[in-house]
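Visitor: Those protein sequences? They're chains A and B, same order as listed. So for the first sequence, this note's numbering puts the first residue at 1; every next one is plus one. So for the second sequence, this note's numbering puts the first residue at 1; every next one is plus one.
Hints are supplied without guarantee of correctness; some may be wrong.
Stated by the list, open to error - Here are a few chain A residues that face chain B, going by a calculated C-beta distance under 8 angstroms:
#, residue
1, 28
2, 29
3, 30
4, 32
5, 55
6, 59
7, 63
8, 64
9, 66
10, 67
11, 81
12, 99
13, 125
14, 290
Since the hints were derived computationally from the structure, they do not count as laboratory data. Predicted model, so just to flag it, every value in this text is computed and none were measured. Backbone N, C-alpha and C define an ideal beta-carbon position, used for all residues, glycine too.
The primary structure of each chain is shown beneath.
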Amino acid sequence: MDNKRYLSLFGVLLFGFAFAITACKKNLPDARLSLGSDSQFTTTVYKPVLGRNTLFSNNFNAASSSLPLSFKIINMRRFNGDPAPELTENFPVTVWKQSYLGDEKSLAEIEAKRTTENHPLFEIREHSGQFLMWAKAKSDFVRAQPDSGYVFDVEMTNSGGRRYFKNFKLQPYKERPYELSAADPITGQISSGYIFPGIFNNIRGERTNRYLSPVEVQVLTRKVNDTGNSLTFKFVDSLYNPIDPNKFAATQWPTVVHGFDMVKTNEAVSYKVAYPVPLAAYPTIYTDGSGQAARAVFRYDRQGFGNVKESAQLGLYFQLFEKGDWEITFWFRTERPKFTND
Amino acid sequence: MRYLYIISFLFLLFCTNEKLMAQQKKIIVKGTVIDKGDKNDGTLPSVSILSGDPLKPIGMTDGNGNFSVSVDENATLVFKYIGYVTHKVEVKGRTKITISLNPDNNQLKEVSIAGYVSKTKETSVGSSIIISGKELQDVPVANITDLLQGKVAGLNIQQNTGSPGIRGSIAIRGLSNLTISGSGNEAFLTPTTPLFVVDGIPVDDNSSYQYGFQQAGPGISPISLIPQEDIANMEVLKDASATSLYGSRGAYGVILITTKRGNSKIPVIRYSGKFFVSAVPKLRSVIGGKGERLLRIDQIMTSDSSYYHALGLVNGTEFLSDSLNAYYNNSTDWQSYFYKTTYNQTHNLDISGGDQTFNYKANLGYFDQSGIQQNTGFNRYNLNMNMQYQPNSKFKLYAGINNSLGKQQKGSGNGLINNGVAEGGASSSLLPAPSQFTSVNSVLSAIQTDNDNKTVNVNSTVELQYEFVKGLRLTSNFNYTYNTATEDNFLPAAINNNVPSLFTYNSVKNTVYNRNLLAYVYSIKDKSGEDAHNFNAYVFTEINSANYKADAIKSNKGVNDHIRGPIIGVDNYVTSLGGTLNDFYQSRSVALAGNFSYNYKQKYVLDLSYRFDGNSTNGPDAGYTKSPSVGVRWNFNKEEFLSKLNWLEYGSLRLSYGSNIVPNGTIYDVYGKYVSGNLYNGKPTVNLDTARLPNTNLQPTKNTTLNAGFDLALFNNRISLTFDTYYKQVDNIFRTKDLSNTNSFKSVTTNEASMVNYGYEANVTARPLPSSSKVNWTISANIAINHDVLTHLPDGVRQFIYVDATTGQSILYRVGLNSLSNFIYNTKGVYSTIGDVPVDPLTGLRYRIGGNGVLNYFQAGDPRFTDLNGDYVLDNQDLVVAGNSQPQITGGISTFIQYKSFSFSAQGSFTLKRDILNNALASQFQIFNNPTAIDKNGNRILPQGLVPLSLYNYWLASGDNATYPNPYDFTRSKIVDPFRFAQTLFQEDGSYFKLNQVTLSYLINQKFTKRYGVNRLNVSLTASNVFMISNYSGPSAENVSALGRDSSGGYPNPRTYTFGLNVEF
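Just chain A, same shape as in the assembly (with noise of 0.2 angstroms):
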C-alpha cells in the first residue's frame, strides 16, 4: 500500500521531469519577419501614358523589413471619391510567356510566346511594390490628364504585421501610339509638326549636290487602319511624289525591322510585324543599344566627287504601341537624296 502511494509519487515527480524539459521552449519568440517603420514608398504619384505596358520600378524602400513582403491596392477610387470599376476588375490582357529574344523566325512563333490572361490593368506586383499598367487601359474608360485621375491605398504585410501607406495617385497620360511623336502629354493633340529621322548621314541632295539637313526631312507616321499588322516604309519627295525604295541598294532589308513577309515595290516596303514595336525593351539587330526604341535604317552607296565613296543612312529610332496597318513616311521636304555617282 505505501509502496503504491510512493511509486505513484515517484511517477508524478517523473511526469513532471518529463513536463520541465519540454516547458521551456514556451517562452521563446516566434520567428517573426520584421516590420521596419522606416520602410517607405519613395515615389506616391505615379503617371503612366494609357495604351502601352508600364512598370514603375525602384519605387519602394524595404529598409528594415524583412522581406518578402506581400503588396495589395486597396480602396482605388477616383480622385472624388467614387469606386473606380475600371481599374479593380479583370480585363484580358496579353502577357508573355516565354521571352522575346529577336531571334523569332516567323508572326506565328513570337504570337505563340504570348498568351491572353485576365489581370485588373493597373497592379501592384504582390512581392516587389512595383506598380503595373497593362496596355488594355485606355483613355476611353480610364479617366486620363487633365482629368485629376485616381486615388488609392497600399496595404504591406508580412508575417510581423502589416502597415498601410495611403493617398497614392495614379494620373495617367492619354494614349500616344506611337514614338517619336508630336502630341502633348496630356491632351493628346499634335502640337508641332516635325519629326526628324534620328539616323541621317552623308546623303547629298539631286538638285543642289549639298549635304542634306535632317531637318530638311520629315517623318510622317500615320495609322491606315486598327485591324492589320503591317508596316510599310516609304520615301516622298517634295511633292509627295514616291522615290523607290530600291535606290536605298545598301540596306539590309531583313533587319529594318523585326518583321515578316516584306513586300517590296517601286513605292513602298512593307512587313508583316507583331505589335508594340518593338516588342520588349531587348537589345537586339532591330533595336538601338538599349532596346528601348526600334531603330529602322536605309542604306545606299555611291561614288562621290573625287571617286569618294560615299555611304548614306537615313533612319529612325521609333516606337508603335497599337496594333493596325502603320506607315512611316519620309518626306524629303526640299529635295530628292542623290542616289548617281559623280
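Using the hints, position chain B against chain A.
Guide: Showing chain B alone in chain A's frame:
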C-alpha cells in the same frame, strides 16, 4: 584521493601496533596487486591490506604493487583502494597470491569538484563530467583540449586548424555570443571558451590565444603549456549550479584540470616517450602542364563571343601561346613546396613519491612538433613540481610551481590562416618551380620568413589549510602567474620589395590570485548512530588582479638580410612603427561567495549558493553582480520502496537553477578615452576620443541556466546512463553599436542582445561482458542536441544584418530564429535551357542581374537563383535565410577492449546538422572565370592552377540537368558571377563522423622486464585523425571556421601515427 590519504594515514597509526596484534601460526604471504582497469595491467601501489575481525590494516603494497604481510594461515585478506572494488581473499595457507582489483565504475562515487570544494557526485547537484587522465595519453597533442573532442556530451570542440600549438574552438552548450568580426573567409565569431581552472587556480586563457583571434604575439595558450602526461583528470562543468562559484568568468562553462600528485612511498619514475609522424592529408588535385594550357585554350575558343576574338585572345596571352618559352612550359606541383610529412617526438619524465604526510612530484617534459606546412611548428619544455605536507590532520601545506616554455613558428601566416601558402599552392602549374635561377615569392616567404615565438609561463601556488575546531577549516590559496611572450619576425629582402623587414614584439602579463575559504562541516546522527543530517557550508573571498602590456617595433628598412638590426623606431619615421599596443590593460576583480548544502543520508540533497562580483571593467553604475544558484538532488535508489530492485545500482534526479557572469569590454568602453588633439593657441590639447561613447552602465554578460538531470546505473554498473536537459539564457551580450551620424560619437558598446540555448545531452556507458570475463570491454557513447534562439536585439529591433563586404556571405540576426543565419542567394540548380528562365509577363524580358545589357539576362547554364521579391531582377533584396553555421548535434563514441596484455581502444566523434559554406570549391570554379589571368584593371596577374572538374556535374550544353553552372562562360561570368560565394549552391551539409584515434598497446612480460630493472614496459601504436565519413565535398568538414566557412587558406589537420613507449622504474 582524500580517502586514500585518510586510509593510509590511519594505516600509519596502526602500524605502530602491529606487533601487539600479532598472533601465533603466522605465515608470510607475498604477492602483487594488479589494476584490472589499466589496459596495460599495471600494478597498484599503496593498496591497503586489512585482516582480522574487526578489520585492521596490516600492510600496504609498495610502489610496484608488491606486498608482503604476515598473517594467520586461515586468515582472510581484504584489499582496499579508493576508486576500486574492495577484494576479499582467503589465504588458505598460500604464500603467493596475485590479486586483481576491479575499478569501481560506479560514477556516483567519483569525486567531483564544484566551487573549490570536493564532493562525491552523489551529493553534487550540478551537471558535470569527469575524464580521467588515462584516457588522454595515447595521441600526442600540443593542447590537451583537442583530446576532449567527442568525450563529453555538450562540449563542442572543432579542430578548425591543424596548426601546431593553436587549439580549435571550444564551446559548452552552444553559442554564447553573437559578435562577428572581419569579413569573408576571415570573418570570425568571438569565441566563448570556457574558464580553465588548473589545480584550483583560474587560468586566463583569454581571447588572444585561440581560434578567431589573430593578432600580434605568439598566441600560445597557457593550456597548451600543460603536458598531457601530467594530467590526473579533467572535469567539465556545464550548468550554472556547478559553475556559479567560479563566478567572474564562469558564464561560458568551466573546465577543471587536476595535475598528478605523488602517492607512492617508494619513488616512482615513469618515462613516457612518443614518436609520431604527421602525414599530409590528401591535398587537392590539379591539372598540370600541357593539360592546363589546352584546357584554357579550349575554354577561350569555345566560349568567347566570336572565333576571331578568341584567336586574338589566345595569341595575346603569352603563357598560352608561347608554349616553347621555358618560363611558361612547366608542370609544377606547387603544393609539394609547401607541405611535407614531418617526424616528431615527445618525452616526459615523471618522478613522484611520498605518502599522506609528505608527497612530491616533478614532471619534466619536452614536446616537439613540426607542422606539415613548411616552417611551422611548436615546441614545449616544462618542469612542473608540487609537494604537499600534512604533519597532522589539522594542518596542510601545498606548494606547486610550474615552469614552461613554448616556442612556435608560424611561417608566413598568422598561425591560423596562411594565405601566402594558399595562394602559392594554388599557382598555375605552367609557372616555373623555384630553382637556382627562379624564385617565387610565396615559396620564399613561406620558407625563408624567420618567425620565432617564445612564451614563458611561470605559475606558482601556495595553499595553506588549518582546522581550528573540528569541522571548521580555513584554506588560503595564493597564486602568482607570470607570462611573457616574444615574437621576432624577419622578412628577407627578396620578398619585401628588396628591403628586409623586422618585427619584434614582447608582452608581459602577471596575474595575482588569492582565495580565502572558510568551510564548516557538521552532521547530526540519527538513532542508529549513522550520519543523517549533513550540513556543509563555506564562504570565500576571491581577489584577482591582472596586468598586461605589449610592445611592438617594426623596422621596415633593414640593411640587408644578414644584419638584422639595429631595431630603432626611427629609420624612416613614415614607415616604421613602434610603441605599446592598445590592448594594454589592468583589471581587478573581487568576489564574495557563499555556499550551503544539506543532505539527508545522501538521499535528499539541497545546495544553495550566492556570489557577489565586482569588476573593474563593469560600469560604475552597474555595481556588483549577484549570481544566485539553487539545486536539488534525489537519489531515489536509496528509498526503501526501491531497495528491493537488485538491478538498480543507483538512480537520481537533479534540478538546478543558477546564473553566472563573464566580464565584458575594457575600461575604455566604460569611461571613454582621452587622446591628444590639435594645438590651440600654440598649446597641445587633450580631447575625448569620439570613436566610442562611454557607457557607465556596461554590464557583464549574464548566463542563467536551468538544468534537469537524470542518472541511472543498472545491473551492477554494467549499464550507466546520464541524461541532462537544459535551458541556458545568455543576457547582456556585449556588442558594439554604431550611432547615427548626428551624434558626436561614432559608436557605443552596450549589452542589449540576448539569446537562449536549449538542448539535451545523454551519455551511456555499457560493459557488455560480466566482470568475471577475461576480456574487459567497455563501450560508451554520448550525444548532445543543442538549439539556439535569438531572443533580443539592441533597441528592440527584430532583425539585423551583418553585411559581409568581401564575399557577400552576410549573417542575419533575427529574433526567434537561430542566432546566426546565413543570409545568401538561394540556388535551385541550373537553367537547363533558355526557356527555363522566368519571363516578366509584362515586358517579355527574362530574369536578369542588375542592368539592361544583353549579357545581364540569365541564360541556359546559369544558376537558378530564387527571385524572392518577384521583380525579375536579382539583387540584394533576393537574399534568403539559408542555413545555420552552428552544429546542432555533437557527440562521440568510444570503446576499450582488453585481453591479457593486449588492449585496444578506439574513439570517434561526430557533428550533425551543420551548414558549411564551401568557399574553397567556389574559388576553384571562379578560377575558370579568368582563363587569360587579367584583372579588372587590365593587368596580368599570376595565373592560378586549374582543378579537374570531372568530379562535378556541371552544365555544358543546352538540355543538361546539372548541379553546377557553366564554368567556361568567362565572357559573362563577371556580370552573372555564377560561382559567387554567397549562394546555397556552396552551402553544404557539414555533418561528419571522424575516427579520432585507434590505439593498440601491449604490456611486455613483467618477468622479462624486471630482469633489466624495469618494473613495467609497455608499447603502443596509435593512429589519429584516421578517417572522416561525410557528405561534404571539401577535404574536411571539420577544418572550417567557427562560422562554417571552408577557406582554402586553412591549415589542414594532419593524420598522425604514433609509436609510444611507457617505462616505469
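Visitor: None of the hints should be skipped; say for each whether it holds.
Guide: Consistency of the hints with the structure:
1. 28: At about 5 angstroms, which falls below the 8 angstroms cut-off, the nearest Cβ of chain B leaves the hint on residue 28 of chain A intact, so it holds.
2. 29: 4 angstroms, holds
3. 30: 5 angstroms, holds
4. 32: At 6 angstroms from the nearest chain B Cβ, residue 32 of chain A passes the 8 angstroms test, so the hint holds.
5. 55: At 6 angstroms from the nearest chain B Cβ, residue 55 of chain A passes the 8 angstroms test, so the hint holds.
6. 59: Violated. Min distance 11 angstroms.
7. 63: 11 angstroms, violated
8. 64: At about 6 angstroms, which falls below the 8 angstroms cut-off, the nearest Cβ of chain B leaves the hint on residue 64 of chain A intact, so it holds.
9. 66: 6 angstroms, holds
10. 67: Cβ of residue 67 of chain A sits 6 angstroms from chain B, so the hint holds.
11. 81: Since the shortest Cβ distance to chain B is 29 angstroms, the answer is violated.
12. 99: 4 angstroms, holds
13. 125: Check passed: Cβ of residue 125 of chain A comes within 6 angstroms of chain B, closer than 8 angstroms.
14. 290: 6 angstroms, holds
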